[in-house]
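Visitor: Residue numbers (this note's numbering), protein chains in the order written: chain P, 1 to 96; chain Z, 1 to 465.
Rather than coming from a laboratory, the hints here were simulated on the basis of the structure. Since the model is a prediction, treat every value here as computed from it, not as a measurement. Using N, Cα and C, we set each Cβ at its ideal position, and we do this for glycine too. Any given hint might turn out to be false.
[What the hints assert, rightly or not] Not close to chain Z: a few residues of chain P, all C-beta gaps over 10 Å, as computed: (1) Asp3; (2) Asp4; (3) Arg5; (4) Glu11; (5) Pro49; (6) Asp64; (7) Pro66; (8) Ala77; (9) Glu83; (10) Pro90.
[As the list claims (entries may be wrong)] Straight-line C-alpha distance at most 27 Å; calculated DSS-like pairs for lysine-lysine: (11) Lys88/P x Lys100/Z; (12) Lys26/Z x Lys13/Z; (13) Lys39/P x Lys402/Z; (14) Lys402/Z x Lys27/P; (15) Lys243/Z x Lys100/Z; (16) Lys27/P x Lys82/Z.
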Amino acid sequence: MIDDRVMARIEQLAGLELSPEEREALKADLTRILDYFQKLSELDTQGVPPFEPLPGQVNAWREDEPAESLAQGESLANAPEQEAGYFKVPRVFGEP
Amino acid sequence: MSLTETLTALNQKELALADVVASLWKRIEEREPEIHAFIRLADPEALMRREEALSSQPLRGLPIAIKDNLTTVDLPTTCGSKSLSGFRPPFDATCVTRLKAAGAQVQGKTNLDEFAMGSSTEHSAFGSTRNPCDPDRVPGGSSGGSAAAVAAGEALAALGTDTGGSVRQPAALCGIVGLRPTYGRVSRWGLVAFASSLDTVGVLARTVRDAALVLSIIAGHDPKDATSLPLPPHDYTENLETKDLQDLKIGLPREYVPPGLSPAARGLVDRWCQALQELGAEVVEISLPLTEYALPAYYLVSSAEASANLARYDGVRYGLRVPGELMAEMMAATRTAGFGREVKRRIMLGTFALSAGYYDQYYGKAQRVRTLIAREFEAAFQEVDLILGPTSPTPAFRLGEKADPLSMYLSDVFTLPSALAGLPAISIPGGEVEGLPFGLQLIAPRLGEEKLLRAAYALEAALSA
Chain P
1 MIDDRVMARI EQLAGLELSP EEREALKADL TRILDYFQKL SELDTQGVPP
51 FEPLPGQVNA WREDEPAESL AQGESLANAP EQEAGYFKVP RVFGEP
Chain Z
1 MSLTETLTAL NQKELALADV VASLWKRIEE REPEIHAFIR LADPEALMRR
51 EEALSSQPLR GLPIAIKDNL TTVDLPTTCG SKSLSGFRPP FDATCVTRLK
101 AAGAQVQGKT NLDEFAMGSS TEHSAFGSTR NPCDPDRVPG GSSGGSAAAV
151 AAGEALAALG TDTGGSVRQP AALCGIVGLR PTYGRVSRWG LVAFASSLDT
201 VGVLARTVRD AALVLSIIAG HDPKDATSLP LPPHDYTENL ETKDLQDLKI
251 GLPREYVPPG LSPAARGLVD RWCQALQELG AEVVEISLPL TEYALPAYYL
301 VSSAEASANL ARYDGVRYGL RVPGELMAEM MAATRTAGFG REVKRRIMLG
351 TFALSAGYYD QYYGKAQRVR TLIAREFEAA FQEVDLILGP TSPTPAFRLG
401 EKADPLSMYL SDVFTLPSAL AGLPAISIPG GEVEGLPFGL QLIAPRLGEE
451 KLLRAAYALE AALSA
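Next up, chain P with everything else stripped away, as it sits in the complex (with noise of 0.2 Å):
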């Protein structure tokens, strides 16, 4: 179930880059764990709904009012790069 193509398609969904070892070691990992996993197959679910963690609460909505949120700085403080009040990333078009 778990062959080379669903790997390559999970890993692009999950913005990582494997190294050969270490998606061969994955690969293994994952196909004996969902196979364990199959147990669920075992329940009859026909008919019954996603648990809903809180039970009986409907969407829990607040005033829309303004209130104070962090300043500029403090937001890009952690930025790994910065320009003119703004976050700086990569170009995002174009040949490599």
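Please arrange chain Z on chain P, whose structure you already have, making use of the hints.
Guide: Chain Z in isolation, oriented as in the chain P frame:
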């Protein structure tokens, strides 16, 4: 000395805050090089200096250790990950704000499995923590640093987080008390998200009373966390003292005493039942047949949520950045370098469980099984007030012993079902197996913390007598 006893000594002027801080730091000097419970410590001199300013507050300036996945402005927050090395949060987690408002100080940030994913505190980018009872063994996890700090006498009490058992299991393995509150009881604001529908902030302490005291401070509604329950503050230490437990019926699920449990552990379970009966409680055998399905359901749900929550570590706004020509290259290089093996394994598992074509079969199925598990508990709590069992199937294992991920996951079999159902539960010292601490777990219905703590308090006294 417990937190409560230390407070009493401060109130009666038998001790000054400086004495307490000095004795904790003396202990840290003795034990920390071997145990490595903390990633970072506060400056003890600075803590001592606030004696006067905090002397009228309930916690009188006492230091509390904080797991390093709870944000603090005083000290960097790393989550035990290279991804966040050096990250300085611009705000305190609400539980930390509440502790500070009660006069506590941040003692330091404790070690954990990276992003709280693990059961041994071996998966930290900053090295493993060791069990103070036997340094060749793990302290459990993921709140292993918090548990080890309290067990070694380096901290009076600590905050941890419990997603699938990460407060209770390390408390059990280190021989202390670990409390996981009802999901929604304590705000998750500032708890760095792992699995948002399961994450809770819990307490690691030397006594049940200390755990109740800290819970009273950190619990309560917080508008910043939409899942925090709108409940008034409550003093959980108020009704701990009780002559007996005559009003309580305790269920012992036969699935929590499986054939694989060691004879010594079985002997302890018998002893617990006897102690409960001597306290006047009725103990009955019950069955929770869905127990064995909790592990796959938990790992699918938590890994799926983790894969979404950890998407934010992309090198843009904070944390590690590994340079790249293009934005997507920079992000992938950053994530690949920043996350450890176990975190990558869970992100891959979770991404797969959420991906098109597999969503219903894995994530959807797991969320439905979770409903069945919650219903099974509801039905059990029609019959009994509390559920009893071991916290973990074995005492502390050796470092490196569980290299296989599935065998590591299995050390949480008794804490996962209640976590999936969002229930409160506590682990207290239940005796020794092979000369190592073995934890007793009690599980209560949603919002049943008072009953849970009252029974744990009575049992704690009975078992230590």
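Visitor: Which of the numbered hints above does this structure break?
Guide: 4, 5, 8, 10, 11 and 15
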